[in-house]
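Going down the list, the protein sequences come from chains L and G. Residue 126 in this note's numbering is what sits at position 126 of the first sequence, and the numbering runs on without skipping anything. Residue 213 in this note's numbering is what sits at position 213 of the second sequence, and the numbering runs on without skipping anything.
Take these hints with a grain of salt, some might be off.
[As the list claims (entries may be wrong)] Counterexamples of contact, computed for chain G against chain L with all Cβ distances above 12 Å: (1) Arg-8; (2) Arg-79; (3) Ala-112; (4) Ile-136; (5) Leu-142; (6) Phe-144; (7) Phe-151; (8) Trp-213.
[What the hints assert, rightly or not] Residues from chain G shown here face chain L by an in silico Cβ test under 8 Å; the list is partial: (9) Ile-128; (10) Leu-150; (11) Arg-210.
[To be verified] Pairwise CB distance ranges (calculated): (12) G/Leu-168 / L/Ser-137: 38 to 48 Å; (13) L/Gly-66 / G/Gly-216: 38 to 48 Å; (14) L/Asp-240 / G/Ile-89: 54 to 64 Å; (15) G/Ser-165 / L/Arg-18: 22 to 32 Å; (16) L/Arg-74 / G/Arg-8: 51 to 61 Å; (17) G/Leu-76 / L/Arg-18: 47 to 57 Å; (18) L/Lys-75 / G/Ser-165: 17 to 27 Å; (19) G/Ala-72 / L/Arg-243: 57 to 67 Å.
Derived by calculation from the structure, the hints in this document are not laboratory data. Just so it is clear, the structure is predicted and the values come from calculations on it, not from any experiment. Yeah, the Cβ is synthetic: ideal placement off N, Cα and C, and Gly gets one too.
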Amino acid sequence: MIPHAIELEQVTLARGGRTVLSNVDIAIRSGEFVGVFGPNGAGKTTLLHAILGLIRPAAGKLRVLGAEPARGNRKAGYLPQQHASVADFRLRGRDFVASALHGERWGLPVLDRGGADEVNRVIAVVEAEALAARPLSELSGGELQRLLLAQALVGRPKLLLLDEPLISLDPHFQQSIVELVRNIQQSDGMTVLFTAHELNPLLGAMDRVLYLGGGRARLGSVDEVVTGDVLSQLYGAPIDVLRVNGRIVVLATHGLFEADAHRHA
Amino acid sequence: MLEYDFMRNAFLAGGIVAVVSGAVGSFLILRHLTFAGHALSHVGFAGATGSALLGVSPLWGLLAFTLGAAVAMGALGERLRGHDVAVGIVLSLALGLGVLFLYLYTSHATQATTILFGNILGVDRETIWALLGLSIVSLGALAFISRPLLFATLAPELAEAKGVSLRLVSMLFLAIVAVAVSEAAQVVGVLLVFALMVGPAAVALRVTTRVLWGMGLAVLLALAETWVGIALAYATDWPPTFWIVLLSCAAYFLSVAWR
């Protein structure tokens, strides 16, 4: 049993010559569901890329499931933020999901019995049986997101990295994706890093939150981290946190901090 | 019509080329590279006319230039995105060079038409063997890379995280495209490669939702369009290129009307 799924010791991450996170120390327990928040450019995607081994830390030590991060990690599932430009093709969902199964191996893209079973399994897990037969060009954003989640689950990863899976989804679909991820995480005992812009849809599902901003990071329970004091310190600007009927509204001095928080306020 | 040697050669060469064109075309469309395929064939024009100067078969000149351009495009990769103007200007240069080579090599007036619009009825045995060899190599290579190629095409970010080298896959695929373009130019000429490579695959991707069926259907359609086109050319005495392009166009618009 690995005590920590992800460990950062004095890690500095840079992208395009700009330091995004500096000297960050955090440890994410194995089996934990962590929501990752912060404004654009705070380093959410950069952190996921470092965990996947797509970029190397400029300094410090990063351990993923007890090992050095490396590209091609079979134990890491990933749902990227940018989606391929194939959504306008009449390609059926099942073939889209199946392309991820051992897609790194040379040869013809044909599935053996075990491969077909695995594709069926992940499609069933995300409850997308009906979508699998339909062309991608006819799917909505939320439906496509389910198939991307299925792709991320191919090969039973121990660690699931989801980059903004709720972006541009209606609140109803947001909730269903969050519940889906929570259920899968619970039943498979996976560690989940889930980046998002908005805190509220994830409130019931997260074990802890990770806030990134100003090159720094704060990891803790919602009550510990999402407070006016902690966030003001993290962002170096006065921030208020209001709790209304079980929902949380984060306010900067000049208006709402989270762009779409008003929808739930 | 099969009692004539030149007709048998035309059906053989057309068949070989159609199989490669259909198979490569599907990926060309899925990767949004149809313009790149078009561009490669234009670069090939300079190679084809240049090889006449050196006294080599135009096929080898075409191949050398398209392969060179494919490797350059693959190496530039993402940096090429959004540089349509630069690509277009390099294309113009290639066509201009081709015109210069034609001017310097004055003994064959029909050479230009053959390269630009193809001459499937003039294919000799030697060329058929060359086409067959090139097809085996390019289809073999395509089969070898097709799995990571499909992954990198449909889910590039995930593929990269899973250890697929996007650049390597892209360069290998463009090299295969270069070979396919050089072959297709033997049938329909460098100007109309699009009709044979992209047309059938575009139809296939509209009518089927399965990747492998789509590739198979594209191959069958390319074969049908080429063979029927050659037969119609025999019956009417009009150029086979015209009939092939017409069939490709008709099939495409029928599929659009159907969906």
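Query raised in the report: Is it true that L/Arg-74 and G/Arg-8 lie within 51 to 61 Å of each other by Cβ?
Result: holds, 52 Å
Report task. With respect to the beta-carbon atoms only, verify the hint that G/Ser-165 and L/Arg-18 lie 22 to 32 Å apart. Result -> holds, 26 Å
Query raised in the report: When you look at the beta carbon of G/Ile-136, is every beta carbon of chain L farther off than 12 Å?
Result: holds, 16 Å
**Report entry** 12 Å cut-off, C-beta based - G/Trp-213 kept clear of every residue in chain L
**Finding:** Violated: least Cβ distance 9 Å, not greater than 12 Å.
**Report entry** C-beta pair L/Gly-66, G/Gly-216: status relative to the range 38 to 48 Å that was hinted
**Finding:** Holds: the Cβ-Cβ distance is about 45 Å, inside 38 to 48 Å.
Query raised in the report: Hey, does G/Phe-151 actually stay past 12 Å from chain L on C-beta?
Result: Label violated. Min Cβ-Cβ 3 Å, cutoff 12 Å.
Requested in this report: With a cut-off of 8 Å on the beta carbons, see whether G/Ile-128 makes it to chain L.
Outcome: At about 27 Å, which exceeds the 8 Å cut-off, the nearest Cβ of chain L leaves the hint on G/Ile-128 violated.
Query - Minimum Cβ distance from G/Arg-8 to chain L greater than 12 Å, as the annotation requires - result: Non-interface label on G/Arg-8 holds, nearest chain L Cβ at 32 Å vs cutoff 12 Å.
Query raised in the report: Can we trust that G/Leu-142 is non-interface, i.e. its beta-carbon lies farther than 12 Å from all of chain L?
Result: Contrary to the label, G/Leu-142 does not stay out of reach of chain L, its closest Cβ about 10 Å off (not over 12 Å).
Report task. Return the status of the interface hint for G/Arg-210: holds when the least beta-carbon distance to chain L is below 8 Å, violated otherwise. Result -> holds, 6 Å
Report task. Using the Cβ atoms, figure out if G/Leu-168 sits within 38 to 48 Å of L/Ser-137. Result -> violated, 29 Å
Query raised in the report: Is it correct that the beta-carbon of G/Phe-144 has no partner in chain L closer than or equal to 12 Å?
Result: Its Cβ does come within 12 Å of chain L, the nearest being 5 Å, so this is violated.
Hint compliance for this structure: hints 5, 6, 7, 8, 9, 12, 17 are not met, and every other hint is.
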